[in-house]
Amino acid sequence: MKYIDEYRDGELAQRIAERIRNEVQPERQYRFMEFCGGHTHAISRYGVSDLLPANVRMIHGPGCPVCVLPIGRIDLAVKLALEDGAILCSYGDTLRVPASGGLSLLRAKAQGADIRMIYSPSDALKIAEANPEREVVFLAIGFETTTPPTALVIRDAAARGLKNFSVLCCHVLTPAAIAHILAAPEQDAAAVELDGFVGPAHVSIIIGSEPYAEFARQYRKPVVIAGFEPLDVMQAILMLVRQVNEGRAEVENEFVRAVGRNGNSAALTLMDEIFELRESFEWRGLGEVPFSALRIRAEFAAFDAEKRFDLHYRAVADNKACECGPILRGQKKPTDCRLFGSVCTPENPMGSCMVSNEGACAAHYAYGRYKDIEVVAV
Amino acid sequence: MCLAIPARVIELRDGGNALVDLGGIRKEISLALVPQAKLDDYVIVHVGYALGLIDPQEALRTLEMFEELDRLQPEAL
Amino acid sequence: MTGRSPVKRGYVRPLNFRDGVVDMGHGAGGRASAQLIEELFVAAFDNPWLRQGNDGAAFSLQLKPGERMVMATDAHVVSPLFFPGGDIGSLSVHGTLNDVAMGGARPLYLSASFIIEEGFALADLKRIVESMGRASRDAGVPIITGDTKVVERGSGDGVFISTTGIGIIPNGVDTGGHRARPGDAILVSGSIGEHGVAIMSKREGLEFETEILSDSAALHGLVAQMLAVAPGLRVLRDPTRGGLATTLNEIAGQSGVGMLLDEAAILVQPQVEAACELLGLDPLYIANEGKLIAICAEEDAQPLLDCMRRNPLGEHAVRIGTVLEDAHGFVQMQTRFGGRRVVDWLSGEQLPRIC
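In order, the protein sequence lines correspond to chains P, L and X.
Each residue of the first sequence is one higher than the one before, counting from 1 in the working numbering.
Each residue of the second sequence is one higher than the one before, counting from 379 in the working numbering.
Each residue of the third sequence is one higher than the one before, counting from 456 in the working numbering.
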């Protein structure tokens, strides 16, 4: 597969790894956060950590929209399906997230709710057109990568005059979340000091590299935007090591083949047409984050499920022993959590980090936990 | 986040859609967000929509950067 | 039912396979049922047992010293019913034949029971049943008894098929998931992920164009050849639901061992790989219906591979790893990239993802 296979070459990986080994200053610790869940997944799946020297530590960030989706939002979706009888359309990722009352969208389906898994927002539109006598709601999650497609279907629905389609908008924004994490050490002594960020790949196609410049300037932390393949991630880590060594705090772009400074203007314009900023939004594990999420503009209220069904959001707290918050902020590791691997497993996730397979805990459980236990090989 | 894959535009279709090819698999997607995409361009596809184009020159530069054949300074802001 | 069919020709219109549908009468056990059985099932499966028209099939069996029998059963609820490379009918025959074969046995007979939804098109039923007949004849294993029930509309997915098979395990053959030993070689008969991808390509909403065909096939002939070369074969299993990863984890658990796989050795067809990229799936967890895993003593590995490669169903057979001593039963994999990772159990159903 072109533009994929070349970026997974094992030999090149060894060479970049060697460069990293040669260039890290042995007495220094390097703590880099990969914001994006896709990067967490790539690091785990390809065993990138095995190739890094011991003093380079990757901290998994909260860039997984399923992980940070609060229980209260899923409760709204479940209610729409079970009580209001709507056809609830959702991406596969969200179906298993446990919500209140022991329910998830999948469990609600077992109880009779009409839950449909879709691959694209356009599928939800098709379902609405095929079922004019039913209400159809699309549970829209995701960062800026996934938001423009949602905007398109709302615009399409308006243009076609659909009377039975609405969106439960849970779209969240990357720069706000990064800012929240960077500001944390000022408010919370336990917050971990980060030396730099690996910036998201596909979000950056939409928003461009420009928005990250502020973090580099204000907080003096280097940011390297990296593509999704493991070689991209390794090269980005090398570039971060170099910036740290040279005392630079700049935004660099490793993903030049797809990301430009200004992003995709058609997509950004469209997002602005349909959505506006929420003053505040609850992120699971991070709490309330200001100006970090989107809601549908008043002109499109007919397609806003929150208005259409007069929904009232109720926050639901996670299990008291759940350490997802500190884990999402990079302060703790999955193995620091009492519930990890015992009560909290991928089959029975207690918190956001286990719920999606790119959450820090899920990734560690699937790919890394064997390292916690000694294995004797023949 | 965001599972997105690079695929080649092999056919332009009505309504701003296109047929793309990834390793022999073909799927119809929307070009609404990348209207400038042409036949044989590579687009990055997410949830059935093209999000952006892949620049072949930059792609090559990136591979050369991995091999450090090309010691150009990476783009900095 | 007694020896002669109660359906009187001349009084009853033949079944309308072109436009007709199954109705509750076909499952009621009366004339309509008998007609369906005679005109469809007996016609398609045709063998002396079914022609007798009894509820059960009688046969005698002579076991040689040391021989054992194996019985296996499988239910098939696949959707869509028709997919590139097969259908629920051929799948149900291959699936049970393979389960019997994985026990090390030569399959003898099959039974098949059908639960059909009211309103199901007779044309589709005929297509499925004839496909089963062909699969059974090609395999040389007759379907000697069966049953049909019809359920109310809305209670089923068109048709559910359950098949049971019996076979004879030769003397000296003892395959089982608990038999893997540290140092053993892990072999796979070919490339992985085709059946699951073929099914997914036809799922509503997910449609994509591909030439991938399901690999659904009966493996008992291949197994017999393998056992002739290495009767001490330890484990035979076909990686169906949950894929290679799940099956290897099962075996590791049963045997109390670990495994180390070499990702570069595992064959995945390019289009299967591409489909998995597109949907965010891992080929290791995708169902196969015409492949087998064999775990054998190190010295049997090359002879077995040579033997498998001589059979069209094993022409791409390859060694993918080694069994390790590991009380925790981890299946590890050396990635193509250079690092190591664990290949864990599947969590729930593998769903296409956007993240």
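Simulated from the structure, these hints should not be mistaken for lab results.
In this text, a Cβ means the ideal position worked out from N, Cα and C, and glycines have one as well.
Check before you lean on any hint, since a few could be wrong.
To be verified - Only part of the chain P face toward chain L is listed, based on derived beta-carbon distances under 7 Å:
(1) M1
(2) S122
(3) V256
(4) Q331
(5) T335
As the list claims (entries may be wrong) - Here are the computed lysine-lysine pairs in the PhoX-like style, where the Cα-Cα straight-line distance is at most 25 Å:
(6) P:K332 x P:K320
(7) P:K307 x P:K332
(8) P:K307 x P:K163
(9) P:K109 x X:K657
(10) P:K126 x P:K307
(11) L:K416 x P:K333
(12) P:K307 x P:K320
(13) P:K126 x P:K79
(14) P:K126 x X:K581
Said to hold, decoys possible - Residues from chain L that face chain P, not an exhaustive set, calculated with beta carbons under 8 Å:
(15) P384
(16) I388
(17) L411
(18) G426
(19) E442
Hint check results:
1. M1: holds (4 Å)
2. S122: Holds - the Cβ of P:S122 comes within 7 Å of chain L, reaching about 6 Å at its closest.
3. V256: holds (4 Å)
4. Q331: violated (21 Å)
5. T335: Given a least distance of 24 Å, the restraint on P:T335 is violated.
6. P:K332 x P:K320: holds (15 Å)
7. P:K307 x P:K332: Violated - the C-alpha atoms of P:K332 and P:K307 are around 39 Å apart, more than 25 Å.
8. P:K307 x P:K163: holds (14 Å)
9. P:K109 x X:K657: The given pair, whose Cα atoms are some 22 Å apart, holds under the 25 Å limit.
10. P:K126 x P:K307: holds (22 Å)
11. L:K416 x P:K333: violated (46 Å)
12. P:K307 x P:K320: violated (32 Å)
13. P:K126 x P:K79: It holds: about 22 Å lies between the C-alpha atoms, which stays within 25 Å.
14. P:K126 x X:K581: Since the Cα atoms of P:K126 and X:K581 sit roughly 33 Å apart, the hinted pair is violated (cutoff 25 Å).
15. P384: The hint holds - L:P384 has a Cβ within 8 Å of chain P, the shortest such distance being about 4 Å.
16. I388: Violated, because the Cβ-Cβ distance from L:I388 to chain P comes to roughly 13 Å (cut-off 8 Å).
17. L411: holds (5 Å)
18. G426: holds (3 Å)
19. E442: violated (11 Å)
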